[in-house]
Amino acid sequence: MRKKPALWGLHASPPGLLKYVLAALPFLVVVLVYLIASDLRHDVNHADKLLPGFGQMLDSLKDLALVPDQRTGKILLLADTLASLKRLLIGVVLASVFGLFLGVNMGLLPGFRALQLSFVTFFSMIPPLAILPILFISFGVGELAKIVLIFIGVFPVIARDIYLASTQVPREQVVKALTLGATQLGVIYRVVLPQILPRLLDTVRLALGPAWLFLIASEAIAATNGLGYRIFLVRRYLAMDIILPYVLWITFIGFSMDWLLRRYMRWRYPWYERGGN
Amino acid sequence: MTDTLASKYQLVIQDVHKSYGEKKVLEDIDLTVRSGEFCTVVGPSGCGKSTLLRLILGQEDVSSGFIYIDGKPVGLPSTDRGIVYQRYSLFPHLSVLDNVILGQTLRIAPWSARSKRKAFVDEAMVYLERMRLAEHSHKLPSELSGGMQQRVAIAQALIAKPKILMMDEPFGALDPETREEMQIFILELWDASRFTVFFVTHDLEEALFLGSRIFVLSQFYTDQRGNGQQIRRGAKIVADHHLPKTPLSAETKRAPHFLDLMESIRRDGFNPAHLQHVDDFNLRHPDSFRTLSPGEGDSQSDRMPQLWDKSQ
Ligand SMILES: Nc1ncnc2c1ncn2[C@@H]1O[C@H](COP(=O)(O)OP(=O)(O)OP(=O)(O)O)[C@@H](O)[C@H]1O
Ligand SMILES: [Mg+2]
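Going down the list, the sequences are from chains A and B. Using numbering that gives the first Met the number 0, read the first sequence as starting at 0 and increasing by one per residue. Using numbering that gives the first Met the number 0, read the second sequence as starting at 0 and increasing by one per residue.
Mixed in with the good hints there might be a few duds.
Stated by the list, open to error - Listed next, with one range per pair, are the computed distances between beta-carbon atoms:
hint, chain 1, residue 1, chain 2, residue 2, range
1, B, P175, A, L260, 42 to 50 Å
2, A, T182, B, M261, 42 to 50 Å
3, B, A118, A, R1, 53 to 61 Å
4, B, Y19, A, T182, 28 to 36 Å
5, A, D38, B, E142, 55 to 63 Å
6, B, D279, A, T182, 46 to 54 Å
7, B, P175, A, Q167, 26 to 34 Å
8, A, A5, B, P175, 52 to 60 Å
9, A, F111, B, E122, 35 to 43 Å
10, A, W266, B, Y19, 43 to 51 Å
Claimed, not checked - Here are some chain B residues pointing at chain A (derived, C-beta under 7 Å):
hint, residue
11, G81
12, Y87
13, L188
As the list claims (entries may be wrong) - Derived pair list, reagent style SDA-like, types lysine to any residue, alpha-carbon separation capped at 20 Å:
hint, chain 1, residue 1, chain 2, residue 2
14, B, K138, A, M264
15, B, K162, A, T182
16, B, K138, A, Y268
17, B, K71, A, G180
18, A, K61, A, K73
19, A, K48, A, Y236
20, B, K160, A, Q172
21, A, K48, A, P67
22, A, K61, A, I230
23, B, K7, B, Y67
Quick caveat, the hints were computed from the structure, so don't treat them as lab data. Just so you know, even glycine gets a beta-carbon here, dropped at the ideal spot from N, CA and C.
Isolated chain A (complex conformation) (with noise of 0.2 Å):
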C-alpha cells in the first residue's frame, strides 16, 4: 500500500506531533509579526502607544491583576470579569431555558407551531442592538437592560435551532413512545426533550459568540463596571497595554467555555456525536 503523505492532499493524517505543532504555527506566526511591527514602533517613537512590548503589557495587566484599585479597594479585572460573566450567564441560561421550552413544543405541538412559529421568526430578525436605547429607556442603565439584552440577542436563535431540532426527531419515535405507554406530555418532556439537550449545548457555543457582542456593547454606552466598560473606558487613553490583554482575556473566557461545554457534552452525552441508530 502507499503510504499516505503526512500533510498535502486530501489522504493526508498528520502525526501526533506534527498535529500540535501545525496548531501552533498561525499563532506564533502572527505574535511574531506583532513583536517585530512592534519593535520596529518603538526604534522610531520610544513611547509608542499603539503596539506595546509584551513587557508593558504585563505591567498594566499586573497593575489591574494584583494590585487592589485605589478608589474601589477591588482587583479590578477580577471585578470586572465576574460583573460581566454574572450578566452572561444569567441572560444565557434565561435564553437557553426559555428557547428550549418554546422550541420544543413548536416542533411538536402542530397548534403551538400555529401559534408561535411566524412570531419567533419575525421577532428574531429584529437587531437587537438596534433596540438597545429602548432597552435603557424602559429597564435603566442598571443589569437588566443589559440582561434583556443578551437574552433578546440569543433567545430567538436558541428556539428556532431547538425548533428544528424538534421537528428532525422521526415520527416514528413519537409513535413508538405513544405505543409504549408514554402520555402526550411524556412524550414532549421525557422522550423528545432528554434527545434534543445535547443539541441545546451545541446551540449555546454558537450563541455565545454573539452572547459577548451583546454583552460588551451595552456595557460600552452604559455601565460602571465590566470587562467591556473597562475596554471602552481606557479607550480615551489610547491604552493599548490594556485593551490587547482584555480582549486576550475575553478570548480565552470564551475559548474556555467552549471547551468545557464540548467536554461535558461528550461525557454526559456520549450517544450525541455517534449519531444514534
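Position chain B with the ligands against the provided structure of chain A, taking the given hints into account.
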C-alpha cells in the same frame, strides 16, 4: 354484524380506503385477523403496505372505512398495538436496558420511577435473557449490530404486552444470514406465546416462511372499470392464504409446496403484466371476507356490508 365479527376476530378492517390527495393508495380493504395469528402482508414495492400498517397503528387516518381492534374502533397510537419499524425503533440516547424499561417508566410519574426501577429492571432482564442480550444491557443501541438492535426493539415492544405486535420490514436492513436467524428467532418467540402479529414485508419468501396466514396486497388487478392505464386504482388484497406451520426449519423454504405457492403469489400479486379480475382473487382463507362496495354488485343504496364467505 360487526358485533359478531368483533367477537370472533381481534382485528377487523372493513371498507378501508386511503388516498393522499388525488392518489389512491388503498382501495376497499376488508380483512379479519384472529387472535394469535401470525399474519404477513406482502406486496410489490410502493403498493401501500406501510400505509395499511400506519392506519391500523393510528399513525394516520383512513379516508373512509373502519378498523376495529377487539370490537373497538382504533384511535391514536396506544399500548394495544406495539410497533417495530425497520429503523428508529430504539431511542438512541438510552441504553439497551433503559430502552426496554422505557414503556413501564413512561406509564408512571417521573418522580416515582426511581423507586420502581428495581422491579422494572428485573422484568426487563428476563426479556433480554430471552433475546440473548443480557450481557449487552448497558450498551447504547449504536454499539449493537443491526440484528441485536432489532431484538432489543422486539423486547421493548413485547414487554408492553400489546394485543397486536405490528412490524414494518423489521429485518429489511439485515444481511441474509442475520435475517434468517431473526426469522427463526421471532417464530420461536411466537410459538412460545402466540401473540398476534401483523408483519409487513416486501420479501415474499420471508412472508411465506413466517406467516400462519399471508395477505397479498397489490395494485396489479383489473375490475369492471376496464383495463386502461389511466384508471387510478388503489391496492387491494388480491390473495389470502392459510399457511400450515411445519416444524421450524429454514429447510421449509425449499419444500415444493412452498415454492409452488411462491410462484402463484408472484404471478397474482407482483406481475404488472398479469392482471387478475377482482372476482377471481384467491381469497380461500376461511376467515377471508369481502364487503360489496358501490360499483361491485348491487349495494349502491345499502352500505351495510354483506359477507361473502368464500369457504362455502
Ligand atoms: N404521506 C404521504 N403523502 C403522499 N403519498 C404517500 C404518503 N405516504 C405514502 N404515499 C404513497 O403511497 C404509496 C404507498 O406507500 P407505502 O409506503 O405504504 O408503500 P409500501 O408498500 O410500504 O412500499 P415499500 O415496499 O417501498 O415499503 C406510495 O406510492 C407512496 O408514494
Ligand atoms: Mg413500506
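Verification of the hints:
no.	hint	verdict
1	B:P175 x A:L260: 42 to 50 Å	holds, 44 Å
2	A:T182 x B:M261: 42 to 50 Å	holds, 45 Å
3	B:A118 x A:R1: 53 to 61 Å	holds, 59 Å
4	B:Y19 x A:T182: 28 to 36 Å	holds, 29 Å
5	A:D38 x B:E142: 55 to 63 Å	holds, 57 Å
6	B:D279 x A:T182: 46 to 54 Å	holds, 48 Å
7	B:P175 x A:Q167: 26 to 34 Å	holds, 32 Å
8	A:A5 x B:P175: 52 to 60 Å	violated, 42 Å
9	A:F111 x B:E122: 35 to 43 Å	holds, 36 Å
10	A:W266 x B:Y19: 43 to 51 Å	holds, 45 Å
11	G81	holds, 6 Å
12	Y87	holds, 4 Å
13	L188	violated, 18 Å
14	B:K138 x A:M264	holds, 18 Å
15	B:K162 x A:T182	holds, 19 Å
16	B:K138 x A:Y268	holds, 13 Å
17	B:K71 x A:G180	holds, 18 Å
18	A:K61 x A:K73	holds, 14 Å
19	A:K48 x A:Y236	holds, 9 Å
20	B:K160 x A:Q172	holds, 18 Å
21	A:K48 x A:P67	violated, 24 Å
22	A:K61 x A:I230	holds, 16 Å
23	B:K7 x B:Y67	holds, 12 Å
In terms of the numbered hints stated before, the structure departs from hints 8, 13 and 21, listed from lowest to highest.
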